[in-house]
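Asks: Going by the numbering used here, the sequence shown opens with residue 27, and the numbers climb by one from there.
Check before you lean on any hint, since a few could be wrong.
[What the hints assert, rightly or not] So the derived label-pair ranges between C-beta atoms look like this: (1) 510 to 570: 20 to 28 Å; (2) 755 to 549: 54 to 62 Å; (3) 715 to 636: 38 to 46 Å; (4) 364 to 570: 26 to 34 Å; (5) 436 to 738: 44 to 52 Å; (6) 110 to 306: 49 to 57 Å; (7) 758 to 559: 54 to 62 Å.
No wet-lab data here; the hints were simulated from the structure.
Quick reminder that beta carbons are idealized off the backbone N, C-alpha and C, glycines included.
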Amino acid sequence: MSASISRQTKISSRPKSISSPYLNSVYEQLNGQIDLILRDPTPTAPVTISYQRLFRYVEFLCRDKQQSKLTVNLYDKFDAFLNNIVDVLQEHGLSLDEIELLQKFVELSHVVDIKVTALEKIHLYLDRTYLLNHPTKPSFTKFAMLTYLNKIHEKNDLAEIIENAFSLTLNNFRDTGDQSLVPLLIKSFKIYHKLLESKHPEGFESFVLQSLKDYYNNTHVFLLESEKDQSVIFEMMYKLLNQEISFWEKGSDSISFKNKVKYNLTYCLIFNNFEQDAIKFIKPLFVTKKFSQIAILFKFIQNAPSTDDGEGKDMKTFSNIWYSYVYDYILSLAKTMTPDIVERLIKSKKHLAVILSTYMDNNYRVEVRLRDAFSASLHDVGKDSENLNGYILKYIDGLFKSANPKDHDHNSILLRDVHLIFKSIKAKTVFIRAYQRDLSKRLINETTKDIELEKEFIKLLEQEVGRDECDQLRTMIEDVEFNEELVDRFRRQLPSAERSAFGFFEPLVLSSKVWPPAKSKINIPDDLKSYMTKFQQFYLKRNTKKTLTWSQALSHMTVSARFKKGTKELHLGGYQGIVLLLFNDYDELTFEEIKTLTNLDSKNLSGVLHSLTNGRYKILVKAASGKYLMNENFEDRRKAIKVRNVPMKLKSGEDDEDEDLLAERETMFKSDIDEFMKAFIVRTMKSQKELTHNELVAKIHEEFSCTLADIKKNIDALIHFEFITRVDSSDLYKYIPG
27 MSASISRQTK ISSRPKSISS PYLNSVYEQL NGQIDLILRD PTPTAPVTIS YQRLFRYVEF
87 LCRDKQQSKL TVNLYDKFDA FLNNIVDVLQ EHGLSLDEIE LLQKFVELSH VVDIKVTALE
147 KIHLYLDRTY LLNHPTKPSF TKFAMLTYLN KIHEKNDLAE IIENAFSLTL NNFRDTGDQS
207 LVPLLIKSFK IYHKLLESKH PEGFESFVLQ SLKDYYNNTH VFLLESEKDQ SVIFEMMYKL
267 LNQEISFWEK GSDSISFKNK VKYNLTYCLI FNNFEQDAIK FIKPLFVTKK FSQIAILFKF
327 IQNAPSTDDG EGKDMKTFSN IWYSYVYDYI LSLAKTMTPD IVERLIKSKK HLAVILSTYM
387 DNNYRVEVRL RDAFSASLHD VGKDSENLNG YILKYIDGLF KSANPKDHDH NSILLRDVHL
447 IFKSIKAKTV FIRAYQRDLS KRLINETTKD IELEKEFIKL LEQEVGRDEC DQLRTMIEDV
507 EFNEELVDRF RRQLPSAERS AFGFFEPLVL SSKVWPPAKS KINIPDDLKS YMTKFQQFYL
567 KRNTKKTLTW SQALSHMTVS ARFKKGTKEL HLGGYQGIVL LLFNDYDELT FEEIKTLTNL
627 DSKNLSGVLH SLTNGRYKIL VKAASGKYLM NENFEDRRKA IKVRNVPMKL KSGEDDEDED
687 LLAERETMFK SDIDEFMKAF IVRTMKSQKE LTHNELVAKI HEEFSCTLAD IKKNIDALIH
747 FEFITRVDSS DLYKYIPG
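Model the full structure from these sequences, guided by the hints.
Replies: Structure, rendered in structure tokens:
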């Protein structure tokens with residue numbers, strides 16, 4: 027920048043002659059002191075007469091109407107002095123490097139400033155009377171600064187040389203961070219700015235700002251093209267930005283100018299070509315987990331100008347990069363489709379939400395892009411999406427069975443995360459069918475611990491598949507809730523003598539259109555049949571247009587069994603219980619005898635007998651003769667025992683149930699017990715916070731039939747994946763929050 031500044035018109039009115047010899051002597055003494063000050067080349071103002079007396083001399087001369095003569099004399103002498111200063115500066119400008127030239131400029135300008143201050147002090151009376159009352163005539167200080175500036179600009183491109191020296195030195199500081207250059211830069215900037223202050227200070231500011239933009243635009247490109255480790259690019263940008271801002275905080279007193287510096291600096295370093303360049307230095311910050319840097323960058327983006335839609339285009343660009351990071355992160359996670367995938371996805375979602383909250387101010391657009399990327403990545407996972415379907419079902423089944431109503435709010439959050447995963451799967455209708463099957467099991471077996479949680483999840487499913495698709499699910503819940511009132515009414519209408527006898531009998535009325543059909547039939551023992559007949563009469567009397575069909579396949583019962591080692595409470599399915607009750611009347615029975623007595627088909631009967639003889643709990647034994655009898659030597663440390671039913675798929679016999687469904691159940695039971703156990707351990711530890719080894723093992727044994735080796739294997743796996751931790755090699759485990 028080299029501004030063209032017109033030369034200030036000099037005072038040229040004809041001065042009056044001094045009539046008094048005394049005043050003439052005063053005038054001569056005053057001139058002598060001015061010459062003494064201006065002849066001295068050092069930044070001092072030596073005088074032999076006190077400043078107070080010299081001030082009085084000026085006052086005497088002004089009262090004698092000698093203001094014009096004083097002004098012309100002072101301005102002429104100072105003009106000549108400045109000619110010498112600028113000549114010296116010009117001479118050095120051709121021979122010195124930029125730093126040395128700036129040093130000489132600061133040095134000589136300081137000399138000028140000292141001389142001006144001294145002369146202004148002497149001629150203060152002149153400024154207050156004569157010059158103040160003549161608006162066209164500048165004060166001495168203003169005259170001095172303008173004249174100095176004019177001479178610099180008139181001297182063969184000297185102004186441009188000085189400005190370039192300043193720019194080169196400033197760039198040197200930017201490149202090296204050499205703090206020794208700061209005082210020189212600040213002094214030279216303030217001097218030049220002061221010279222321009224009364225004329226057009228924006229001229230030099232514009233030059234500095236343009237220099238800043240040129241430098242940092244080039245720096246932006248250089249960093250992106252040359253830096254191999256892209257994760258440090260923003261850190262370098264931020265360091266340069268702070269260095270520059272810190273310099274101008276010291277170097278300029280103009281708030282407006284400093285704000286312009288910040289704006290242009292931020293734009294050139296960070297937001298230059300942001301839409302294309304941002305991904306090069308922002309995504310590596312996510313990948314390398316430099317979230318503190320993300321937080322700093324996000325503040326800049328929040329303060330960026332907004333567009334007409336109320337949201338900055340830079341925020342949109344940032345949100346798209348965040349989307350890309352989340353998409354890649356979740357997709358890589360989902361590619362490892364292990365049975366614990368749902369837990370890992372929820373933990374990752376929670377981790378991403380913490381990043382969003384902690385480092386990105388819970389910004390709504392960024393949050394939306396998180397959900398979008400999460401769903402899109404799982405939707406694109408490919409053939410593994412079918413496996414994901416099954417893993418979601420297993421996870422929520424375990425959640426509903428173990429959910430503590432006191433933790434309802436927390437579990438609701440987990441369900442919303444599961445819903446987000448569900449949104450991404452393709453076979454939603456298949457999922458709903460499988461969920462309906464699992465829901466029926468939980469409701470019939472009363473293993474759902476929080477019915478309100480089931481309702482919430484059904485509402486979430488409705489959002490994706492529509493209300494009609496979930497009608498049957500809602501009806502199943504309504505059936506169970508209505509049944510409580512129905513059974514209560516049934517018992518109240520019984521004679522008091524019969525109420526206690528019916529205390530154990532809890533019929534469950536289900537809508538045949540929505541519950542799994544019971545295709546197999548079984549003979550009901552007479553004592554049970556009497557209770558069922560009584561309830562059927564009560565129900566049909568009030569519902570004349572309905573029919574009741576009893577489904578023992580969906581029922582369950584508790585049987586008290588006496589063994590040599592003690593009495594046990596056996597929790598059984600309806601078929602299991604009816605078969606076991608036969609041994610009240612028979613010591614031993616063949617397969618065909620049991621089939622005849624129960625009227626069960628071969629397939630279902632085989633499954634029942636297999637569960638009672640070959641499961642963990644061998645309630646029956648099969649003799650060499652092929653007959654079944656009670657295992658009188660059965661023993662177990664627990665008083666109450668739940669005997670699982672194992673469905674059998676035979677090569678021959680009736681095919682009354684869905685063979686694929688039976689095969690699926692059998693496979694899930696055999697192969698996924700470890701995942702159920704791990705999910706149970708995580709939920710238990712999350713609820714209890716910490717447990718000893720023995721306490722945890724006891725809780726696992728209450729839920730699972732397994733060996734200590736199985737338990738140890740699953741605990742070690744959870745420690746490895748940092749779901750729980752062992753405290754200082756002790757037997758105490760602690761839950762690790764996700």
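Asks: Evaluate each hint against the coordinates.
Replies: Hint check:
1. 510 to 570: 20 to 28 Å: holds, 23 Å
2. 755 to 549: 54 to 62 Å: Holds, at about 59 Å.
3. 715 to 636: 38 to 46 Å: holds, 40 Å
4. 364 to 570: 26 to 34 Å: Given a distance of about 55 Å, which is not inside 26 to 34 Å, the answer is violated.
5. 436 to 738: 44 to 52 Å: Violated, since residue 436 and residue 738 (Cβ atoms, about 29 Å apart) do not stay within the stated range.
6. 110 to 306: 49 to 57 Å: holds, 55 Å
7. 758 to 559: 54 to 62 Å: Given a distance of about 57 Å, which is inside 54 to 62 Å, the answer is holds.
Taken one by one, the earlier hints fail for this structure at numbers 4 and 5, listed in ascending order.
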